[in-house]
Amino acid sequence: MHEQELIEKIAFNVVQGRIEAEDEGFDEGLDGQPAVTELLREALERGLDPRPIVIEGLSKGMEVVGGKFQREEYLIPDMLASAECVGAAMDILSPHLTKAGVESRGKFVIATVAGDLHDIGKNIVSIMLKGAGYEVIDLGADVPTERIVKAVSEYQASFLGLSALLTTTMRVMGEVIEELQKAGLREDIKVLVGGAPTSEGFAKQIGADAYCKDAFQAIDVLKNMSSG
Amino acid sequence: MEDRVTETFREGVVVKPYERLSPDQVEWLDEASLRILAEPGIWCYNERAASLFKAHGATVWEEKEKHSGCWRVRFPSGLIKEAVARAPSRFVLGARRRENQLLLDAEVPRVYFGSGSEANIWIETEMDDFVSVHDGSLTVRVPRFTELRGNTGLLSRAARLCDKLEHLDFFIRPLNIQDPGITPENHDVNKFFASLNNTTKHVQAGLTKLENLNDVVRMAELIAGGPEGLRGSPIISFIACVFKSPLQMVDDTAEKVFAIVEAGLPLVISSSPQGGSSAPIQEAGMVAQINAEILAGITLTQLIREGAPVLYGSVPVRARLDDLHDLYGCPEFNQYNIDCVQLARFYKIPCYSTAGVGDAKVPGMQATFEKLFTHLYMAMSGAQYIHYAFGLLDRTNSFCPVQAVLDNEQIGKIKQCLREPKVGPSVVEEMLVTVKRVMASSYRLYARHIRKAMRAGEVSSPYRFEAKGLEDRVLEKALDHMNRLESERPPHLDQVIVDRIFDEIPGLLPGLREATEGEEIRYNDLRAGSKLCTSKSS
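From first to last, the protein sequence lines are chains R and S. Using the numbering used here, you'd call the opening residue of the first sequence number 1 and step up by one each time. Using the numbering used here, you'd call the opening residue of the second sequence number 1 and step up by one each time.
By construction, these hints were calculated from the structure, which means they are not laboratory data. All C-beta atoms in this analysis are idealised placements derived from N, C-alpha and C, irrespective of residue type, glycine included. Any given hint could turn out to be false.
[To be verified] Here are a few chain S residues that face chain R, going by a calculated C-beta distance under 8 Å:
(1) R35
(2) V250
(3) C417
(4) L445
(5) A447
(6) R448
(7) R451
(8) M454
With the sequences and hints as input, model every part of the structure.
And the structure:
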């Protein structure tokens with residue numbers, strides 16, 4: 001297979017949302033054919049430069065997916081399947097990209113705050129951000145405040161995403177921001193909050209940088225922050 | 001031949017029937033009905049029917065003192081049982097488009113929903129903007145309703161809309177036609193033409209005048225490709241309310257039953273007593289009586305021609321106790337009707353039942369409540385053929401097209417809710433594999449694995465007319481949807497067939513033919529309009 005053809009196939013499988021050969025795609029009859037993981041391994045074995053794989057394979061694939069979602073051809077599960085493909089690909093490519101001196105769009109620490117076990121929304125944001133090219137450090141759910149602050153410091157993250165589903169736990173987000181302040185980390189990090197009980201007003205009240213109603217808004221917010 | 005005819009039919013929904021009555025209770029009601037038919041029996045106002053009953057062993061005598069032309073008929077139970085047992089359990093109702101055929105099988109609770117009634121009023125809906133008297137910057141959109149008198153143009157429109165409603169399985173005209181040129185003599189041909197020319201689904205109606213039957217049948221034969229084609233897959237069928245409750249067989253309707261059965265076409269033997277006036281209000285009494293009436297009607301069909309395809313037509317209603325009008329959206333309505341479905345199943349005859357009628361005069365919360373109350377219960381009962389289900393308001397007095405669109409959404413959800421469970425060894429295995437795969441993945445999220453079910457239509461969509469903010473835009477959105485459906489190409493008959501029908505069948509209003517041509521023009525205009533929009537935006 002020609003190199004360009006291999007990259008196009010990776011893009012195609014991102015659009016189809018197929019991580020491994022056993023996955024079904026959006027279209028019928030693709031089961032059993034090599035998917036993103038298998039194609040990527042082949043590309044690396046053949047010594048392909050990881051940069052065009054990211055730009056022409058993964059990013060281009062996600063652009064197509066975004067368009068399909070906007071035109072309502074794709075629903076959330078399709079979008080997530082494609083984002084998971086990119087996330088899985090980035091896990092494989094990361095060491096190669098580092099070696100080639102390529103940086104991610106930024107380090108993003110994400111967590112559901114202490115006392116709250118809900119992680120579906122947080123996971124969706126993680127998958128989508130990873131798919132959008134961010135290096136995501138996912139701390140999980142019910143994460144103590146001190147662990148979040150420590151991770152921000154250790155990873156020298158540019159962004160922090162905090163999630164809560166309960167009205168009783170959302171106040172913990174404010175505590176995290178206060179602790180960041182005390183640790184002298186607040187100036188260097190943008191804090192994004194989200195979850196069912198949160199709102200634009202709540203974000204302002206606790207001193208967060210942005211409220212995101214869903215993963216798509218999170219991506220938009222991050223783009224604006226980066227360009228700003 | 002039957003296999004070929006029945007190989008394609010609408011899916012409907014096969015349900016696990018909800019049954020109110022125990023097997024003993026079904027037998028007690030059956031026995032009660034047979035006892036009613038034995039004593040006091042029925043008051044039969046049709047001499048031919050009385051003679052036929054007599055020839056087959058009923059006790060018949062003429063009531064000379066009180067009524068002229070009335071025969072009292074007392075049935076031995078064996079006569080009823082034998083006749084009812086001859087009625088077919090399974091038959092097909094045809095349609096212009098083969099995939100719209102209906103397979104009725106008394107032993108399979110496959111539920112179909114359709115329209116019905118002959119409302120005199122058409123309710124048109126439009127949205128209007130109103131400004132707050134307190135704050136001029138605030139406006140609200142509110143529906144406004146206009147009553148129109150039913151006519152052939154509006155009936156054509158109803159048929160076209162119903163053709164596009166994906167959850168409507170058959171068409172019974174929901175609107176009476178009252179054009180200036182309509183007379184009893186041409187009523188039937190015009191209502192059947194307006195229906196058949198605008199829907200590819202099964203068309204069913206009552207017959208206004210017996211003398212019109214031949215013309216209606218000829219029209220259907222022209223469309224179905226000849227007499228044999230029509231009988232093999234009857235694109236039309238009839239409703240005969242042969243009983244005036246309590247227990248009186250009507251003369252002219254009985255004559256229609258003879259003619260329809262002799263013409264070899266399916267019909268519904270329907271009865272609609274009102275609990276509290278023309279039948280007992282108590283469940284046991286109401287159901288025993290309506291069942292007796294229907295059994296006597298079905299017996300007539302089978303004595304005319306053994307094996308005649310017939311539906312057990314039960315439309316029992318309850319009286320309102322404040323004005324004695326029919327009361328549909330009430331618990332007793334469901335109870336009476338579910339019992340009748342069980343009895344039809346006991347006799348192995350497909351059941352024509354009722355749902356979707358209420359007292360609400362306009363679309364809204366009351367209409368939704370009343371309709372859901374009966375749509376859901378009657379679908380759960382497993383009645384094969386549920387009429388009245390689309391667009392009716394003010395009991396059966398008005399038809400509102402946007403209400404039909406709302407009912408379509410509700411019925412779609414009900415069909416999906418009651419579908420057979422997809423649980424079997426292979427599905428369970430597939431799910432176990434998925435559980436393992438997801439649990440081995442980073443985020444333990446199933447979203448990626450629901451796509452196959454989503455594409456296969458197994459996952460329901462949110463309510464089609466929901467609004468995002470703190471507002472109710474259901475009617476506005478339903479109207480938009482209706483307008484889109486109405487702008488689609490009408491499913492008119494081929495012009496050659498239309499020409500033959502107008503050549504052979506007397507009494508058709510010229511306007512119906514012009515409307516056919518006019519609709520083509522309107523459709524083409526709309527298409528041109530949408531093309532213009534496309535080119536502008538591109």
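Hints and how they fare:
| no. | hint | verdict |
| --- | --- | --- |
| 1 | R35 | violated, 60 Å |
| 2 | V250 | violated, 55 Å |
| 3 | C417 | violated, 21 Å |
| 4 | L445 | holds, 5 Å |
| 5 | A447 | holds, 4 Å |
| 6 | R448 | holds, 4 Å |
| 7 | R451 | holds, 5 Å |
| 8 | M454 | holds, 6 Å |
When each numbered hint is compared with the structure, violations occur for hints 1, 2 and 3.
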